[in-house]
Amino acid sequence: MMARKDRFDRRKLVAHLLRDRGDALIVGGLGASTWDLAAAGLDNRNVYLWGGMGLACSIGLGLASAQPTRRVLVVTGDGEMMMGIGSLATIAAATPDNLAILVLDNQAFGETGRQAGLTAGPTDIAAMAKGAGFDRVMTATSAADLPSLEKLLYRTPGPAFAVARIALTDDPLVLPDNNGAVMAGRFRAALGLADRS
Amino acid sequence: MTRHDWSSDVLDVFRSKLIRQIGTVPDAGLTRLLNLCSADNSIKVMTLTREDEGIGLVTGAWLGGERAALLMQSSGVGNVINALSLPAVCSAPCLMLVTMRGQWGEANGWQVPMGRATPTVLQAMGVTCYPVDRAEAVGDTVSAAADMAFHGGAAVAVLIDQRVIGAKTFDANGEGA
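So the sequences go chain by chain: A and B.
Sequential numbering from 1 applies to the first sequence in this note's numbering.
Sequential numbering from 1001 applies to the second sequence in this note's numbering.
Derived from the structure by calculation, the hints contain no laboratory data.
Incorrect hints may have been included.
DSBU-like, lysine-lysine: derived pairs with alpha carbons at most 30 Å apart [said to hold, decoys possible]:
#1 A/Lys-130 <-> B/Lys-1044
#2 B/Lys-1044 <-> A/Lys-151
#3 B/Lys-1017 <-> B/Lys-1044
#4 A/Lys-130 <-> A/Lys-12
#5 B/Lys-1168 <-> B/Lys-1044
#6 A/Lys-5 <-> A/Lys-151
Next up, chain A with everything else stripped away, as it sits in the complex:
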């Protein structure tokens, strides 16, 4: 596949963005977004989702509300975001100032056979975020957008929302542990929390 200049390579983009994470907590949506996070280096401060399609942003909202001093970043795909699109209205109303969302948009259901996604048609997720009530929204398509993308995701008061246009690629599977209880326990331990409650 020819690389397009108006599309990011998802693995390079996510790896680049994670180098700048500081102490941010990151939620990866089912499934390729979670594999991207794993490929950038396993980290107990990441929530790796193998299920619950449509819930990544809602998990981010609960987490951001519970950890108001930490930046929370949700990284998910266009299909996962569309399934939970209503959560953007919930988040805009709740106004978590530490929450940012990055949608990796390849306009396809890459995990299930590359069927065309709804963003391949007339649907514009960034416009939907604006309509839901997000004030700070951008669409990134090339390296020139990276400084403003990093600023939006990490240093702009939330809730902030970005779409990054990415190429539809075949990337090697890099899978985090699929035991949800183990993952959750590691995450809570990284925050200094007990096993339960």
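Starting from the known structure of chain A, fit chain B onto it as the hints suggest.
What follows is chain B alone, placed relative to chain A:
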């Protein structure tokens, strides 16, 4: 006879159990409780578009060290089925309060199928159901459910019977749903 104020009892339980976040798609039967929670500075009430968001919310809250609960009508239980995989797989606490419709003197037949299926659906996803049909028992039931959820990493739903909240009346103008 004045009706027992179960909503105040539940607010007291939320306070004593340190519930900090509430996600809800409102129901008429939850009106007083939601108003009480909204007026409490220690509780953040977040209105959802769909009930499944609430499963993500309460799981995210737990990952971050706060306790949360999802409040919804029985029709909303149909919207959370796959989402219940998340707390199940993560052994995360998931406390739900469900006000029942389609159950006792229901005048809107459209509410009946989901009302009838509510406990079956929840149990099929591994949720422990605590039905309660007396207003005086709601507070204790929520307290027990909270302990089971937060200490045991379990999904627990308190099903508040239509006899507690009162069947919705439809006046001659056909008002109400």
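Results of checking the hints against the structure:
1. A/Lys-130 <-> B/Lys-1044: holds, 24 Å
2. B/Lys-1044 <-> A/Lys-151: Holds. B/Lys-1044 to A/Lys-151 sits at ~28 Å (cutoff 30 Å).
3. B/Lys-1017 <-> B/Lys-1044: holds, 15 Å
4. A/Lys-130 <-> A/Lys-12: Between A/Lys-130 and A/Lys-12 the Cα gap is close to 27 Å, so the pair holds against 30 Å.
5. B/Lys-1168 <-> B/Lys-1044: Judged against 30 Å, a Cα distance of about 28 Å means the pair holds.
6. A/Lys-5 <-> A/Lys-151: Within the cut-off at roughly 22 Å; holds.
Checked against the numbered hints listed earlier, the structure breaks none of them; every hint is satisfied.
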